[in-house]
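Got chain D sorted already, so can you dock chains H and A onto it with the hints?
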Amino acid sequence: MPPALEVESLNVARGRIRVVHGLSFSVQQGASLALLGANGAGKTSAVEAIAGLLPKASGRVRLHDSDITRFSASEIARRGLSLVPQWRDLFASFTVEETLHAALNAGARRGRGAFEDIYALFPKLAERRAQPAGTLSGGEQQMLAIGRALATEPSVLLLDEPSGGLAAGVVSKLTQILRAIRARGMTLIVVEQNISVAAAVAEECIVLSTGRAVWRGAMAHAAQSEEVRHAYFDSQLAQ
Amino acid sequence: MSSRGILANVVGPVAALAIIVGIAALLGSYAQYVLALVIVHCLIGAALVMIVGYARVIMLAAGAMLAIGAYGSTISITRAGLPYPLALACAALLGAGAGVLLAVPASRFRGHHLAMATMVFQILVVIGIREWTDVTGGALGLRTPAPSFGSLTITADLSNLALIAGAAVPALLFLAVLLAGSFGKMLRAASASEIACEAFGVDTSRMRVAAFAFSSAVVAYAGAVLAPRVRILDPDSFDITRSVIMLGYPIVGGMSSLWGGLIGGALLQLAPELLRPVGRYQEIILAVFVIAVMLALPGGLMGLVGSFAPPPRRRPGASDARMRLPTSTRPARRTAAGTALALSEVQKSYDAVRAVDGVTLQIESGVMHGLIGPNGAGKTTLFNVVSGFVPPDGGTVKLFGKNIESQPARTRIAHGMTRTFQNVAIFPELSCVDNVLIGLGENSVWQTSRASFAEIFGSLRTRERIHAAEAALGAVGLDAHALAAAGSLSLGNQRRLELARAIVSEPRLILLDEPVAGVSHEEEKELSELLRLLNRERGMTMLIIEHNIAFVRALCDTVSVMAAGRLIAQGKFEAVIGLPVVRHHYFGDPNAARA
Amino acid sequence: MRDLSQLPLLLLGGLRIGAIYALSAIGLVVIHKATRTVNFAHGGFIMLGCYGAYVGVERLHIPYWTVYLVVPLAVGAFAAALEFSLLRRLRSADAFSSVITTVFISILLTELARLVFESDVLNVPTFIALPPILLRPIVLTWETVWIIVGALACGMLGAYVFARAGVGRAMRAMAASVRGAQLCGYSVDAVNAQAWLLGGALAGLAGVFVAPRFGVSPDIAFATIIPAFVAAILGGFDSLKGAILGGLLLGIVETLTAAYLSGALKNALAMLILLLVLLFKPEGLFPERRIRHV
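Heads up: the sequence lines are chains D, H and A, in that order. Note that this note's numbering numbers the first sequence so that position 91 is 91, with each residue one more than the last. Note that this note's numbering numbers the second sequence so that position 168 is 168, with each residue one more than the last. Note that this note's numbering numbers the third sequence so that position 49 is 49, with each residue one more than the last.
Among the hints, erroneous ones may be present.
What follows is a list of derived Cβ distance ranges for each label pair [said to hold, decoys possible]: (1) H:A25 <-> A:A223: 40 to 48 Å; (2) H:G128 <-> A:Y64: 37 to 45 Å; (3) A:A223 <-> H:T411: 56 to 64 Å; (4) A:R88 <-> H:R143: 45 to 53 Å; (5) H:A80 <-> A:T126: 33 to 41 Å.
Since the hints were made in silico from the structure, they are not lab data. Beta carbons are placed, not taken as given, at the ideal position from N, Cα and C, and that holds for glycine.
Excised from the complex, chain D in its bound form (with noise of 0.2 Å):
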């Protein structure tokens, strides 16, 4: 069976910096990836470049066998690749529940039923769903963006620093939510500066320091390593 996704030599640029130099990998349906390092080192630009938010310098990005590079990035949400992006880029003035219609509007498939999937994972979600997006505390606006993202019924997620900026307790919450649909089957890729998260999460990992990919392995590896402290924080190691 061919991977949920895979990505081939990607190289983005933002205006005239090169921030992601040849970056290639590929994730299996129902597996997970993280993609680790210091901030600066591109993950964001390489995620971004993926759902196609970012132009493309080069590469090749299939999704489930059908060649995605050149697509706009409605059209890759569309056909099943969902982004939860960094600063999760919510509606301010929609309400949860307006957010999560827009969504399903906008998705290739249409249901209602997603609406009850979504609220279950996310109860607090479901006691505000009158609320505006712009008034939920951080760690509900997270979870709205999570939501946002299921409810295009997509078949890989993408999630970008899910972690950032969100208390322990939340974070943790959060993990938990995590595991859950990586249970469900959802192919995920997690970008984190946060190892321990992304451990929680993912069984595979790529370090990447000033956009190269500098280290490959099993996340359990991954975190006791002293490379990968290495690669945070000395750049010599990309050469």
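Positioned in the frame of chain D, the structure of chains H and A alone reads:
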């Protein structure tokens, strides 16, 4: 200004005027009449290049300014008995005043709000003229007297043409000098990056007001020059449709130079004559032309010409990549003892988010200090507070002992502080030298206007400034690119250019925001060496935000680590990086992995 | 100085013209809310609606009801086509380019109309040709009723579509966060085209309403854009309800000023209101409740 520049921008237009008069002398009186109008509209086009092209303002009030000059001069002649030359001066003054009146409230607007404000002004002025019938004759019109000098009255078409050309010359020279000199460059820089300009002492609002004043003065002057030729002034001929058509002059001709305005004005004024056979289609052709230019030819007709022009000469000899530090032209500044920067309990919140939460930090003179931390930690906000772009909610910022937290960004350079930006904020259309010259500060409206005139005569001060700019370019290894447009440089070179701009004023403290993001390893090493050299030999204190930890470790004496708006650690690099709290923020709690 | 007995009649007149201003402003605000551009060609679209009414009713003798349906759709389609073919390229450019281009598109439309129809003011019959209602002391024409009720209803329908329908939700999502909307699967091109379709259709509809009262001429383009701007600004350019209220307010204030103060002041009034609001309350007199962006 180079002699080539003077020839092209100052002597050229005047010569063109002389040629027009010369040709017209051989043609009939109708041609002389038409060409007189063409000259006036060339002048209007040139004036509009300043406000529309350089300052990027959608100016819909040109018709009103033209009316103010035409009516103003006519009334001053017929009612106050002013002689013709004084009436022209009076018109220019009225125009300048109107420009300021429009600009002061309008300059806080941008984009379409600004366009609407000028539209309001335009319509109100025309209504005012129409209603003030005692003075202006209202809709019935106002007769304009023929220009007279004592007992001599000018009535013949050729003499009128010569008079108009002669009157246009001083206005054209005024515009040419300002546009090609420091003032014009400052306007273009402010349109390219307002923030970078403010960081180097430019009051961009005042610049815009000055641009309004200067161009409105010339448009009003043009109205006064035009008035005798049209015989009867009527308010409808200065309405918004006329304003919109005049807006087309710089757009069609090219917004980057005086010539663009001249060509646009000439073309669009001659068009009705040339298009007489297709008279009914004139406005349609004009509108289609402008739309096509906006979509396909952003530089206008002059842009087409420019693409055939030869590239600027490169300086021979200097190597491209090698950086070195030349001896300073000024006496070396001794490293001042004491604290360069002292932050005390600085707070900044955006709604519920505490971007900067009680940061206290001291940086001694002569130190290279790094600021690191995860995304969203508040480093950029802190920089913006220190450099004056964001006022803090609480706390104080002392720069070499002076409290500066409530002062705007443009005052920093006078205190000896400059900065670079995360997204390279150079001025792409200006040459590298011009980019660095702005870094010298002393960029008020008065200073840049005066400098524009001084540059024509090659004053000592101008030469000194250029020399300093070239030295700074040499220090960063860009002397070969001195005359190249900054936008054509690679990213690495653009970062060097920003650095040259930041060091040329010999500041005591430089803030560097991700100075090596995206550059190659070799460039990273060279920039690192250059910064170290500047620090050791010139005593420049530096505060550096960077994600590239190796760079920070190699270069910085001490670092601060920020997370969630707070300083969580400070000290020498090796000591800080091993701290559990720092590891926690980068890696998370290792115990959580097993949860 | 007129006496106050005229007041009810004047208020009615003010409401009538205000309803048209409200309808004109809605289309402008829809496009701005969805795409963040100010469409200076809006007056041109209204003019197209007027000429559409003239051609439909007087030349082609199509039933008036049909004209009310077909002309707005045609103008909307034209606006969407314009966006897709030309303005899309200017989307990423600054406001400068899009404002100038739409200004000159307005001139182009005006001159094309002048070319085809000359500058004469053409007549279009009123929609409802029944005898007026007599309600002491005022005489109420059916046309007045139609314009007030009809234009207001259409305006509110437009606002409703924007607030509730899927299409409107797409536009509001795009306005709130372009990236967020894309990640939900909304195509930027499609949503922008829809916004221009809706905005253009509302302008065309305003034109059909306006045609019998103003007469149809190329000058309509310019004459209607100023009140549309003022009404839109009174709503802060972001609130549809604000634009409707702003239009009504402007209509009433203008009519009262013309009657009790002076006709010339009436012309200047819209400008003065615009100026004062821009200077002192740029968020408008009837702004929408603002929620901080997340």
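In rising order, the numbers of the hints this structure does not comply with: The structure conflicts with hints 3, 5, although it agrees with all the remaining ones.
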